[in-house]
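Listed here are the chains, written in short residue letters.
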Amino acid sequence: MAEEPAMAASEDDILSRAEAWSREGRKVAIATVIETWGSAPRPVGSHLIIDEEGNFLGSVSGGCVEGAVVTDALDVIATGQPRTLAFGVADETAWQAGLSCGGQIRIYVEPVT
Amino acid sequence: MKLSVLAALNAERAARRSAVLVTELASGRQRLVKAAEIEADPLGQAIGAQMAQRKSGIVSEGGRDYFLSVAVPPVKAVAIGAVHISQALAPMAKLAGIDLTVVDPRTAFASKARFPDVTVIAEWPDLALPRLKLDAHTALIALTHDPKIDDPAIAAGLKAGCFYVGALGSRKTHGKRVERLRDAGFGEAEIGRIRAPIGLDIGAVSPPEIAVSILAEIIEAQHRKPPRRETT
Chain A
890 MAEEPAMAAS EDDILSRAEA WSREGRKVAI ATVIETWGSA PRPVGSHLII
940 DEEGNFLGSV SGGCVEGAVV TDALDVIATG QPRTLAFGVA DETAWQAGLS
990 CGGQIRIYVE PVT
Chain B
332 MKLSVLAALN AERAARRSAV LVTELASGRQ RLVKAAEIEA DPLGQAIGAQ
382 MAQRKSGIVS EGGRDYFLSV AVPPVKAVAI GAVHISQALA PMAKLAGIDL
432 TVVDPRTAFA SKARFPDVTV IAEWPDLALP RLKLDAHTAL IALTHDPKID
482 DPAIAAGLKA GCFYVGALGS RKTHGKRVER LRDAGFGEAE IGRIRAPIGL
532 DIGAVSPPEI AVSILAEIIE AQHRKPPRRE TT
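For the record, the sequence lines run as chains A and B. Quick note on this note's numbering: the first sequence kicks off at 890 and runs consecutively. Quick note on this note's numbering: the second sequence kicks off at 332 and runs consecutively.
If you're looking for bench data, these hints aren't it; they were derived computationally from the structure. A few of these clues could be false.
Simulated DEER-style distance windows between Cβ atoms [to be verified]: (1) A:Thr968 x B:Pro461: 35 to 43 Å; (2) B:Asp448 x A:Glu913: 26 to 34 Å; (3) B:Lys365 x A:Glu941: 28 to 36 Å; (4) B:Ile550 x A:Ser928: 14 to 22 Å; (5) B:Gly516 x A:Gly951: 45 to 53 Å; (6) A:Gly951 x B:Gly506: 41 to 49 Å; (7) B:Gly534 x A:Ser928: 37 to 45 Å; (8) B:Pro478 x A:Gly956: 52 to 60 Å.
Computed from a predicted model, the values in this text were never measured in an experiment. C-beta: ideal position from N, C-alpha, C; glycine also.
From just these sequences and the hints, can you work out the full model?
Spelled out as structure tokens, the structure:
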């Protein structure tokens, strides 16, 4: 894996990287925050990109649920089917990958095809 | 997302043009709507509303949910005056993702040594600004205290519809500036858009502190609409 910059400055950089990854022949998924309730750490429209080896760049929550999103993204890459994920304090998943801030988020994960 | 759609979206972003990626959430069907195509789009009205707020979000139409991913150009800023405040502002603007250019015709100020990592243009605003293409995603920051340099830049910022036009100077200095702009034909509404005294009122004293207050005010103008009005 090529060395990544420690911090991608903007969403533009992240989507450009997704395109670059894909052109390098890597299989890529894009996760996007599509809805938030309460105090969510990243705004709607934030992206996380993931490749088939589990390398990722960007953020959708500030670190709370990225691990779970990466796992689902690997599935999305394998099946080629997009899916919507929900995280929050109110559901079962939240106990495994919860948002300590008490917010809830919905994330759309899609493959780059 | 098809790689071709992603590439087209990135091309629009790179060219500093607005675009919206529409995703029907149930089916995953997507289309890229460029700025010029919004009006003709079936979701044109909703897209226009999201774009005006610079915000992505879900809209429902005909029983279907669509995610509108809004791509608007990153904010750029032009500081008039290669002064101490600009020196402090440069690294902070970069951290905030704002692309800063400094313009000052006084070559002693506008030197590479004083601004190692910033684009500095040692020319008069009248000459430099047309090339910088001020637009609705640009913040204009007038910091020289010199009407010969600041006034033409402020006028250009107002005419170009910059989302933020701020000018350094006391209320008294600004009062005189307002008179000059009136004489130059600017209306009250336009003049009222100028943030002066510049910066959020956080009691800033030193140049770096003033830079913080200016950056904070730009961020506020970017995310919160309509803009805050000075009560004078």
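Status of each hint after checking the structure:
1. A:Thr968 x B:Pro461: 35 to 43 Å: violated, 52 Å
2. B:Asp448 x A:Glu913: 26 to 34 Å: Once the Cβ atoms are compared, 29 Å apart, the range 26 to 34 Å for A:Glu913 and B:Asp448 holds.
3. B:Lys365 x A:Glu941: 28 to 36 Å: Since B:Lys365 and A:Glu941 have Cβ atoms about 31 Å apart, the given range 28 to 36 Å holds.
4. B:Ile550 x A:Ser928: 14 to 22 Å: The hint (14 to 22 Å, Cβ to Cβ) holds, given that B:Ile550 and A:Ser928 are roughly 18 Å apart.
5. B:Gly516 x A:Gly951: 45 to 53 Å: holds, 49 Å
6. A:Gly951 x B:Gly506: 41 to 49 Å: holds, 45 Å
7. B:Gly534 x A:Ser928: 37 to 45 Å: violated, 28 Å
8. B:Pro478 x A:Gly956: 52 to 60 Å: holds, 57 Å
Violation of the numbered hints given earlier is confined to hints 1, 7; the remaining hints are satisfied by the structure.
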